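Working from the sequences, and respecting the hints, build out all of it.
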Amino acid sequence: AQSVTQLGSHVSVSEGALVLLRCNYSSSVPPYLFWYVQYPNQGLQLLLKYTSAATLVKGINGFEAEFKKSETSFHLTKPSAHMRDAAEYFCAVSVSGGYNKLIFGAGTRLAVHP
Amino acid sequence: EAGVVQSPRYKIIEKKQPVAFWCNPISGHNTLYWYRQNLGQGPELLIRYENEEAVDDSQLPKDRFSAERLKGVDSTLKIQPAELGDSAVYLCASQASGGIGGELFFGEGSRLTVL
Chain A
1 AQSVTQLGSH VSVSEGALVL LRCNYSSSVP PYLFWYVQYP NQGLQLLLKY TSAATLVKGI
61 NGFEAEFKKS ETSFHLTKPS AHMRDAAEYF CAVSVSGGYN KLIFGAGTRL AVHP
Chain B
1001 EAGVVQSPRY KIIEKKQPVA FWCNPISGHN TLYWYRQNLG QGPELLIRYE NEEAVDDSQL
1061 PKDRFSAERL KGVDSTLKIQ PAELGDSAVY LCASQASGGI GGELFFGEGS RLTVL
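As you go down the protein sequences, you meet chains A and B in turn.
First residue of the first sequence? That's 1 in the numbering used here, and the numbers climb one at a time after it.
First residue of the second sequence? That's 1001 in the numbering used here, and the numbers climb one at a time after it.
No lab work stands behind these hints, which were simulated from the structure alone.
Being a predicted model, the structure only gives us computed values, none of them experimental.
Glycine is no exception: its CB is placed at the ideal position from the N, C-alpha and C atoms.
Do not rely on the hints blindly, as some may be mistaken.
Straight-line alpha carbon distances no greater than 27 angstroms define the calculated DSSO-like cross-link-like pairs of lysine-lysine that follow [claimed, not checked]: (1) A/K101 / B/K1071; (2) A/K68 / A/K101; (3) B/K1062 / B/K1016; (4) B/K1016 / B/K1078; (5) A/K68 / A/K49; (6) B/K1062 / A/K101; (7) A/K101 / B/K1078; (8) A/K101 / A/K58; (9) B/K1062 / B/K1011.
Examples of chain B residues toward chain A, derived with CB under 8 angstroms [stated by the list, open to error]: (10) V1004; (11) G1040; (12) L1045; (13) Q1095; (14) G1099; (15) I1100; (16) G1101; (17) L1104; (18) F1106; (19) E1108.
As structure tokens, then:
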């Protein structure tokens, strides 16, 4: 069965520092992978997705993620953190079977301090 | 374009009481999902609709939960009776079609507290 593990429930970085949020997946078939962001009191918003095209995926707000099959990882990065990036980030895998059933990780809360 | 609209945003009830949540998806989106998000966890799928048909309700606790999507547009999720463990945020999401890899658009959620 497909699953997602996000390493680190809380990550804290300084403004301007590199952001690295880790995600490992388990899937018996080639996966579709997503990163969603949830700002306080808002719904989840898609940051980026991997759908078997380029392994380096660029998303909104300067975020990108690299699909590494050998490591079963899909880590999210941003070169320079902004205060507005403070939010909760969820990695998700889409279960095969012809439709978009998402399995979410537990989330990583990103704090950005001055 | 309006996003996914959910109501109420917050609901506090006593255990054994009924509660209902309403969702209006993005216009034209055929696929609708209800997710439950427990504190400190990621969302978990409860039910998925294609138009008015519930095509995946395998994770819906059918003894107390029910859902409907009449006419394939708005949807209602009901809990009767509510239990303490039902305290969570209930998220509605819609998708233009149910194809794998597509983007889900989420509402702001309905936060339920059961006392």
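Quick rundown of the hints versus the structure:
1. A/K101 / B/K1071: 23 angstroms, holds
2. A/K68 / A/K101: OK: A/K68 and A/K101 at ~22 angstroms, within 27 angstroms.
3. B/K1062 / B/K1016: Given that 27 angstroms is the threshold and the Cα spacing comes to 16 angstroms, the pair holds.
4. B/K1016 / B/K1078: Satisfied, since the Cα-Cα distance of roughly 13 angstroms is no more than 27 angstroms.
5. A/K68 / A/K49: 14 angstroms, holds
6. B/K1062 / A/K101: Roughly 19 angstroms between the alpha carbons, so the hint for B/K1062 and A/K101 holds.
7. A/K101 / B/K1078: 22 angstroms, holds
8. A/K101 / A/K58: 22 angstroms, holds
9. B/K1062 / B/K1011: Holds - the C-alpha atoms of B/K1011 and B/K1062 are around 21 angstroms apart, at most 27 angstroms.
10. V1004: It holds, given that the least Cβ distance between B/V1004 and chain A is near 7 angstroms, below 8 angstroms.
11. G1040: 7 angstroms, holds
12. L1045: 6 angstroms, holds
13. Q1095: 6 angstroms, holds
14. G1099: Hint on B/G1099: holds, closest Cβ of chain A at ~7 angstroms, below 8 angstroms.
15. I1100: Since the shortest Cβ distance to chain A is 5 angstroms, the answer is holds.
16. G1101: 4 angstroms, holds
17. L1104: 7 angstroms, holds
18. F1106: 4 angstroms, holds
19. E1108: For B/E1108, the interface hint holds, since the closest Cβ of chain A sits about 5 angstroms away, which is under 8 angstroms.
Hint compliance for this structure: every hint is met.
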